[in-house]
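*Asks:* If you read the protein sequences in the order shown, they are chains A and B. Under our numbering, the first sequence has 718 at position 245, and the numbering climbs by one with no breaks. Under our numbering, the second sequence has 134 at position 76, and the numbering climbs by one with no breaks.
Heads up, some of the hints might be wrong.
[Claimed, not checked] Partner residues aside, some chain B positions facing chain A, computed with beta carbon under 10 Å: (1) T131; (2) A252; (3) L253.
[Stated by the list, open to error] Covered by chain A, according to a simulated footprint, are these stretches of chain B (three or more residues, beta-carbon under 8 Å): (4) 107-119; (5) 267-281; (6) 293-304.
In case anyone wonders, no lab produced these hints; they're calculated from the structure. The beta carbon of each residue, even a glycine, is placed where N, CA and C say it ideally should be.
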Amino acid sequence: MGRPAAFSFEGVEVSYDGSVAALSDVTLEIAAGEMLAIVGPSGAGKTTLLRLCNGSVRPTRGIVRVNGERLDRLGPADLRRTRASIGFIHQDLRLVPNLRVVQNVVAGRLGRMSLAGSLRAMLLLPRDLQREAYDLLDRVGIAAKLHERTDRLSGGERQRVAIARALAQDPAALLADEPVSSVDPARARDTVQLLTTISRERGLTLCVSLHNVDLARAYFPRLVGVRRGRVIIDARTAELSDRQFESLYRLAGEDHE
Amino acid sequence: MTVGRGSAVAGALAARNLVLVGIAAAALVSAWLLWMLPGSLRVSGGGLETARAFFARALAPAFTYEAVVPTGTTPLLWKAALAVRDTVTMAAAAMSLALAGGAVLGFCASSAWWSSAGTSGWRRALARMLWGATRSVMAVARAIHELLWAVLLLAAFGISEIAAILAIAIPYAAILGKVFAELVDEASPEPSQALREGGASALQAFLFGQLPRALPDMAAYAFYRFECAIRSSAILGFFGFPTLGYFIAASFENAHYGEVWTYLYALFALVAVLDWWSGALRRRFVA
Numbered sequence: 474m475g476r477p478a479a480f481s482f483e484g485v486e487v488s489y490d491g492s493v494a495a496l497s498d499v500t501l502e503i504a505a506g507e508m509l510a511i512v513g514p515s516g517a518g519k520t521t522l523l524r525l526c527n528g529s530v531r532p533t534r535g536i537v538r539v540n541g542e543r544l545d546r547l548g549p550a551d552l553r554r555t556r557a558s559i560g561f562i563h564q565d566l567r568l569v570p571n572l573r574v575v576q577n578v579v580a581g582r583l584g585r586m587s588l589a590g591s592l593r594a595m596l597l598l599p600r601d602l603q604r605e606a607y608d609l610l611d612r613v614g615i616a617a618k619l620h621e622r623t624d625r626l627s628g629g630e631r632q633r634v635a636i637a638r639a640l641a642q643d644p645a646a647l648l649a650d651e652p653v654s655s656v657d658p659a660r661a662r663d664t665v666q667l668l669t670t671i672s673r674e675r676g677l678t679l680c681v682s683l684h685n686v687d688l689a690r691a692y693f694p695r696l697v698g699v700r701r702g703r704v705i706i707d708a709r710t711a712e713l714s715d716r717q718f719e720s721l722y723r724l725a726g727e728d729h730e
Numbered sequence: 059m060t061v062g063r064g065s066a067v068a069g070a071l072a073a074r075n076l077v078l079v080g081i082a083a084a085a086l087v088s089a090w091l092l093w094m095l096p097g098s099l100r101v102s103g104g105g106l107e108t109a110r111a112f113f114a115r116a117l118a119p120a121f122t123y124e125a126v127v128p129t130g131t132t133p134l135l136w137k138a139a140l141a142v143r144d145t146v147t148m149a150a151a152a153m154s155l156a157l158a159g160g161a162v163l164g165f166c167a168s169s170a171w172w173s174s175a176g177t178s179g180w181r182r183a184l185a186r187m188l189w190g191a192t193r194s195v196m197a198v199a200r201a202i203h204e205l206l207w208a209v210l211l212l213a214a215f216g217i218s219e220i221a222a223i224l225a226i227a228i229p230y231a232a233i234l235g236k237v238f239a240e241l242v243d244e245a246s247p248e249p250s251q252a253l254r255e256g257g258a259s260a261l262q263a264f265l266f267g268q269l270p271r272a273l274p275d276m277a278a279y280a281f282y283r284f285e286c287a288i289r290s291s292a293i294l295g296f297f298g299f300p301t302l303g304y305f306i307a308a309s310f311e312n313a314h315y316g317e318v319w320t321y322l323y324a325l326f327a328l329v330a331v332l333d334w335w336s337g338a339l340r341r342r343f344v345a
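Bound-form chain B, shown alone:
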């Protein structure tokens, strides 16, 4: 129990660090992606110049557009808010799919529910096969990063919301499945054995003896993954989905670095709020 609590704390700390790393990565990836496009600038040594101009605006984000815009254009801050909304919506949609998938995969990939004594021979063999198959599927789905999934799905379906949602949901379901299975298998087997000995079926013993022990850590990890999904969702904007990344890319292309920082700060605020919220929930339910 202490170990589980400890790893949750370590997870929360790691989550906080990864928030910072994620934002830095978003900046780097955007820089990398965009340096590729205006190739001529790089040749003329403008890359360093761009970086200097970009970081010069770090403490001076824009509150209005840096260029003249037609009247009736959505104000910058409102646009940032809408982008935040779309980023969250996409992450939430992907996460609900990933949670459902992760629960099923995690159940199939845990050995806790079928390895208990008393399950008859052929069911045991079937369960073992299912276990092996699930592990392999998860390994493949996990090996491919969400950005790569996005490239593949874009090639297949074009720029559609569902492509972006699946790009996040597929690898996340596999990651959640793996971690869920491990958390469940780590929970002590005694309570579920006791239920078995009181006449409960293997599935009942799993659901009410084994799973409850793992649930708080599973919830904490799912929250951390939601944070990751938000960052992924933002970054998928670089491919043309209307999330924060899309506007970051557009403003960067036009060298409107103040706007870029506005969007980055919106992302930062979003992740910070989520981190605070998940922390509050965790304190309420786990402690």
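In isolation and in its complexed conformation, chain A is listed as follows:
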């Protein structure tokens, strides 16, 4: 892939079915190659913010741009191309459980394939694609699971399959929604480390939503705090004041009250 993707939000508001706004008045610039964590309690709008980036949620008001192009002005073909360049790791992973791991990984490439090509790829699994899937799985540490059925894997392993699928897209950006919530706490640090290391290696833009302020602080140079649909903190981690950290911790803690 060429250069990493940049995202920009301009006065964005999202409301589902005309109810209370899930996000309101969000203006945010995410530069190419930047790594940032979005912190906040559940229901604050973190997932919506991430889903705006690949156009799977459309803003009710305001403009979302990817690499300077307005998502709402893209035709179907251009939207597909843009989406193919953004890897999204869902909180619930959304893999196909009864396919083999290799097929789930190869499925990441569908956006760049014709229908005939994708049938060949998914059913015949040509050697070069298997090799690619193997290398990606090797990178996330589960190469041995290549031909296993996906639903036989542990939660942590499945998350790595989802990461490998996103990487198979050969993306310009990675978006991960609460990647820590689907693995046990001991593995949380490994997952975040894997995502940041891979993004640095490949020069990808990385946006991750997180509950855990400590992890966000340790691995991400920029933190965005979200509460009730509004961005209330947006700063370099190194420049955050103690007071701002305190309010971030309070944010993350709101869930448990």
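Place chain B on chain A using the hints.
*Replies:* Relative to chain A, chain B alone:
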């Protein structure tokens, strides 16, 4: 997932019950069809007599013909085996047509592949029209039972193999289409949505995100339908096709009840073998 597995198990149980019901129905239908022909017997109260004679042979099926036959006649058991072969062949031919038709109908009748967001306006409208048209065609084809289709097709084409095959294939394609569409629509949409969001087309997301979840249940149901096709194929023999039903009818007419039971046991064995086979395959692929 648990629900799908559960319904497959329930389906297998229902299949087993229906095997028994189907055999009972075959006996009843044959009895009904044949009581119509020797009408005089019924008037004289011979019906009960016939039934008694028939069931008396249940545990004593014939191994050779009950009447003197010219030398060179195919032995009874060999004839039963050939009838089994023809019954299976007809069912298999009908089922392959029905599967192809059911796959196309099921695809058109499922909303999973076109209802996903992002499909443009006119394509969506076209897909909706196709969906409605397919549903209607399937409803009509399904409403007419295979025996009735057989009557209609016989009237049109006479006794030909293709008439019998179509009589089974048409309603079965509609039934398979309906069930396939429902199984596909029931599979969770998240994986295919995730593929869409990764740049896959609606069709790709359907084929590789939605369809795989439904395939095991679809295969199980297709197997169950194959069992049904075998019973239908046997019964179509009453119309003159050379399947088990034909020989059952002929032997019944001659009051050779031992032979009738031989053919019935052949049908029973056939369905039992198929049931065992489909169970074995299901355990291998679904579990």
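*Asks:* Checking against the hints above, which ones are violated?
*Replies:* Numbers 1, 4 and 6 - these are the hints that the structure violates, sorted from lowest upward.
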